[in-house]
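Residue numbers (my numbering), protein chains in the order written: chain W, 1 to 226; chain Z, 1 to 151.
Dumping the calculated DSSO-like pairs for lysine-lysine here, alpha-carbon to alpha-carbon at most 27 angstroms:
#, chain 1, residue 1, chain 2, residue 2
1, W, Lys-64, Z, Lys-67
2, Z, Lys-22, Z, Lys-137
3, Z, Lys-67, W, Lys-70
4, W, Lys-64, W, Lys-102
5, W, Lys-64, W, Lys-140
6, Z, Lys-67, W, Lys-94
7, W, Lys-140, W, Lys-70
8, Z, Lys-22, W, Lys-202
9, W, Lys-64, W, Lys-202
10, W, Lys-102, W, Lys-140
11, W, Lys-162, W, Lys-70
12, W, Lys-94, W, Lys-70
Distance ranges between label pairs, derived from CB positions:
#, chain 1, residue 1, chain 2, residue 2, range
13, Z, Thr-119, W, Ile-121, 51 to 57 angstroms
14, Z, Ala-2, W, Asn-116, 53 to 59 angstroms
15, Z, Gln-79, W, Ser-85, 31 to 37 angstroms
16, Z, Lys-22, W, Asn-116, 35 to 41 angstroms
17, W, Arg-216, Z, Ala-57, 18 to 24 angstroms
18, Z, Ala-57, W, Ala-165, 43 to 49 angstroms
19, W, Val-60, Z, Gly-18, 31 to 37 angstroms
20, W, Ala-33, Z, Pro-113, 54 to 60 angstroms
21, Z, Thr-27, W, Val-27, 29 to 35 angstroms
22, Z, Asn-110, W, Gly-171, 43 to 49 angstroms
Covered stretches of chain W (chain Z as the covering partner; in silico rule of three or more C-beta atoms under 8 angstroms from a C-beta of chain Z):
#, stretch
23, 28-40
24, 192-203
25, 210-216
The set of hints was computed from the structure by calculation and includes no laboratory data.
Treat the numbers as computed from the prediction; the structure is a model and nothing was measured.
We treat Cβ as the ideally placed atom computed from N, Cα and C, and that holds for glycine.
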Amino acid sequence: MKRSTQNNKRGLTLVELVIGLVVLSMVAGATSALMTAVGIGWTHGNQIEVGTSLSTQAMVRIQKILRAAKQIGACRMGAISGSPSQAAAVLVWKGDLNRDGKVQASELALIEHQSNADPDIAQLVCWEISYPTTWTSAQKQTADVTMVDDAIYADSEITSFKAMANVRAAGIVTCVTAAEFHRIDSSSTVRPALEYALKFNKDGMEIVKYGRSTSRTPATLPASQL
Amino acid sequence: MASVVLAAAVVGIAGSLGAAYKQNSATEDSGVALDLARELMEEVSSKSFDPSGSPNAAGWPSVTDRKLYDTIDDYSGYQDSSDSIRMWNGSNIDAGNGTVFTRAVVVQNNARPAGLTGTAGDFVLVTVTVTAPSGQKYAISQLCTRYTVVR
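If we strip away everything but chain Z, and leave its shape as in the complex, we get (with noise of 0.2 angstroms):
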């Protein structure tokens, strides 16, 4: 009988314990997938609607090197891992502390949102989803919009 409630003793506080320590595990990987979605989407939003320049340079999967894309649609299906991210001087970094996340950009074109007039093709919508090595997907949208820059 001792032995019956020792083990069921056991067992209760192992599993406490254990999901105290996930939970600690979720919020480093929140707080680090989340920087990683952000610093990918600033950098998205960063880029023009329009090339500057001609010719349009070419975009993922041809192109695999982020220094090369001049527009947001050049991200569309983009793909990196934690343990590569490429700096702008060529080096490669760790940002997932010793863990590997992935990276996905989607770029959904003709994204209006509704009730607003205009050109649809003036809006696209960017999703950044960052999946932490747990399987646990964190995504982040922003909506660009086409416009003209005066200099």
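Excised from the complex, chain W in its bound form (with noise of 0.2 angstroms):
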């Protein structure tokens, strides 16, 4: 006697398949779940590193200015939150290059926040004179100006420094949003230091950095400014 085989192939039923596909979508769901907190997870630790390589660069790249410099001079304050008046700026006086006892304008750097609606390119430079360099040293020698004594001192100088010819920036760390700095010098202080709070924003995330750089070059203030 001959069985039929088509009675035995049985299918799958409408409720065995609905109970199939609800069991495939909780684990789709539970898949996707998974890869969305792995993925935040990973945004998360980049932005960490990438908030800590700017910050480190920054500081870095501060203290490499100011640790050599000779006098730290006029100072804007800026602000680490609200919409300051002047944004945080500080001149220095990189050193005595020809050691003549006087503030050559090459021997200035200006430290400056420039804000900036996209935080990408809000950031911290460093103005400098930087003459061609086909230049001649005589030639260099020629073009440099010999501030006035205690000139650094002065805020306009702030500005009047930008205005110079030869003056150029160069950026120091970008994604600043904001920026304090805090000059700390006394009639008694051999080491005059510079005291800043910047504010990083990287892809959203914000993290404010404290720093301090000190001069290592032992020096008082001038006379003239006590």
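Please dock the two separately framed chains into a single complex, following the hints provided.
Below is the structure:
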């Protein structure tokens, strides 16, 4: 006797199919949630890495300028929050390179915060004189300007310095949306310092970094500034 | 049986996600802690061994305002927390990005390293320890020496 094999081939009922689909969608949902969590974690880790890298870069570069500085001059405070009337800026006498006891414009540097609505463009810059590479030493000496005594302590010198010929700005670090500077100096301070707070915004993540750089060149304030 | 396998899988995945999150958090904490430690160490090491004038200003704990400190030993025992770091103009800032880190300074006198000659009292070892919200401690040390400034 021959049995019909067709009767043994049983298909899925509608209920079984629906249950299967529900289980599958649950597994898909769980997998999607897992992948989202992993993605968020990865993004957060990346933001931490970028934030740390930016702040370290800023601090190392500011320290490089300030540790070798002879004097810290005029300083505009700026503000870490709100809208300051003047952006944070500090004028620095990098050193008496020609050992004449006077400040030449080529020996100055200006660290300034440049705000911008786009956080990626907001930055800290360093203004310095940069003569054309084709110039001879004699041409550079002729073009250089000897500053009036104590001029670097005048707030107006910040604006004047930027307007000088051959003064150019180079970026120190980007994504700095706010900056606040404090010059720490007095008649008895042999190591003047700059205290700063910088607010970084990278991909929507805001971090505030606080730092301090001290001049390692012993130099008290000139008597006229006491 | 299927439920047991599923539960084991969920626990395993949750565990690995938790570990990844902790690792991220620890990386963030160590970055902030080291920044805070370096900043304070920079400040301590910029101070003189001896007072530049007289009398020597008092330090911690009788004076809590760091602005008034004039020598390294003024910082001995100093403590603060990141949500109230006092800037030079007197304003406080939150330097811990929303979490609180505690900083402490230890100044060890007579810290002349072995093998060096000279007066032991001319050396101090400064250690700044930062405790993260998780309890993890980060410490950096610097040896400071007495010297004469030539202007």
